Amino acid sequence: MMTFSTPAAHGSEVVPRQWMGPAGAALLTLGMHAGLFALLLGSWSPALEMPVATQVMQTQLISLPPPAPVLPEPPVAEPVVAPPPPVEVEAPPQVEQADLAFKRAEREREAEQQRQQQLERRREEQRRREEQQRRREEQQRRREEQQQERERQAEQARLDAQRRQAEAAARDEAAERARQAAAAEAASRQYLPIAKKPPVYPQRALDAGLQGSCTVSYTVGVDGRVRSPEVVGDCHPLFIRPSLTAAKSFRYQPRIVDGRAVAVPNVKNTFHYRIE
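Our numbering numbers the first residue of the sequence shown as 424 and each following residue consecutively.
It should be emphasised that the hints constitute simulated quantities derived from the structure, not laboratory data. As the structure is a prediction and not an experimental result, all values here were calculated from the model. Among the hints, a few may not be true.
Simulated restraints on C-beta separations [claimed, not checked]:
(1) H695 to R558: 50 to 60 Å
(2) V645 to E578: 55 to 65 Å
(3) G632 to E553: 42 to 52 Å
(4) Q579 to Q539: 34 to 44 Å
(5) R559 to D595: 25 to 35 Å
(6) Q562 to H695: 44 to 54 Å
(7) R602 to A686: 22 to 32 Å
(8) E578 to L629: 19 to 29 Å
(9) L629 to R566: 40 to 50 Å
(10) D595 to G682: 18 to 28 Å
(11) G656 to E568: 17 to 27 Å
With a Cα cut of at most 25 Å, we get these calculated DMTMM-like pairs of lysine to aspartate or glutamate [to be verified]:
(12) K619 to E596
(13) K620 to E699
(14) K619 to D657
(15) K620 to D646
(16) K671 to D646
(17) K620 to E574
(18) K691 to E599
(19) K619 to D595
Just so it is clear, CB atoms sit at the ideal spot from N, CA and C, and this is done for glycine as well.
Can you build the whole structure from these sequences, using the hints too?
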């Protein structure tokens with residue numbers, strides 16, 4: 424067997440090529456002889472010079488060993504067909520994931536914005552209801568204040584009317600007292616009071632806030648003392664006793680007629696009870 428090698432490029436392995444079979448060996452031998460003959464023929468040229476000694480070329484026949492018999496290739500075993508692997512779902516590309524994340528964030532942002540808008544609308548509605556309630560309460564308060572003011576004015580007018588009536592009654596009483604005093608003075612010119620102590624205001628009348636007048640009629644005796652006092656006209660029961668007691672304490676200068684003291688009947692005195 425003969426082996427030929429061909430130069431390989433730098434960094435490449437030299438791969439031996441093996442020629443097998445008798446045809447290849449014969450062709451190789453024939454090629455070598457032809458090449459040698461061509462070499463000799465090319466190097467030879469006729470010369471006109473003197474003949475030189477004949478050069479003898481020696482050749483050597485190289486016998487190649489018979490090629491090794493080609494062995495049949497062993498039968499190829501049928502490959503065992505494995506079950507197909509489970510189909511794996513490929514993960515979406517990073518760009519799709521980012522786009523999905525952006526869309527999800529956008530949806531969440533829109534949902535949050537809608538939620539905030541709804542919350543703001545509810546707050547605005549609540550503020551509007553509270554403002555309406557406040558206005559209603561303010562209007563109710565003003566109506567109540569106006570009603571109270573009207574009632575206060577009516578009460579003040581009533582009190583003013585009562586005060587005016589009381590003042591008119593007081594003026595009337597004062598005029599009556601003046602008239603009675605003038606009449607008493609005319610009837611008793613001939614006798615003069617020496618001591619007149621006012622009555623004591625009854626405590627129960629003070630506690631009850633009672634006011635009024637009480638007229639007492641009596642006789643002035645020859646000694647100037649009051650005899651047989653009695654109440655005439657309307658008089659509150661609480662004012663009767665203090666009026667009689669006060670009248671009994673009065674002292675007069677006796678009336679003198681013809682040099683003698685005489686009694687003066689039907690002398691009247693009115694006691695006025697007022698809480699100052």
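Checked hints:
no. : hint                     : in the structure
1   : H695 to R558: 50 to 60 Å : 58 Å, holds
2   : V645 to E578: 55 to 65 Å : 58 Å, holds
3   : G632 to E553: 42 to 52 Å : 50 Å, holds
4   : Q579 to Q539: 34 to 44 Å : 58 Å, violated
5   : R559 to D595: 25 to 35 Å : 53 Å, violated
6   : Q562 to H695: 44 to 54 Å : 52 Å, holds
7   : R602 to A686: 22 to 32 Å : 25 Å, holds
8   : E578 to L629: 19 to 29 Å : 25 Å, holds
9   : L629 to R566: 40 to 50 Å : 42 Å, holds
10  : D595 to G682: 18 to 28 Å : 42 Å, violated
11  : G656 to E568: 17 to 27 Å : 49 Å, violated
12  : K619 to E596             : 20 Å, holds
13  : K620 to E699             : 18 Å, holds
14  : K619 to D657             : 22 Å, holds
15  : K620 to D646             : 18 Å, holds
16  : K671 to D646             : 13 Å, holds
17  : K620 to E574             : 45 Å, violated
18  : K691 to E599             : 13 Å, holds
19  : K619 to D595             : 23 Å, holds
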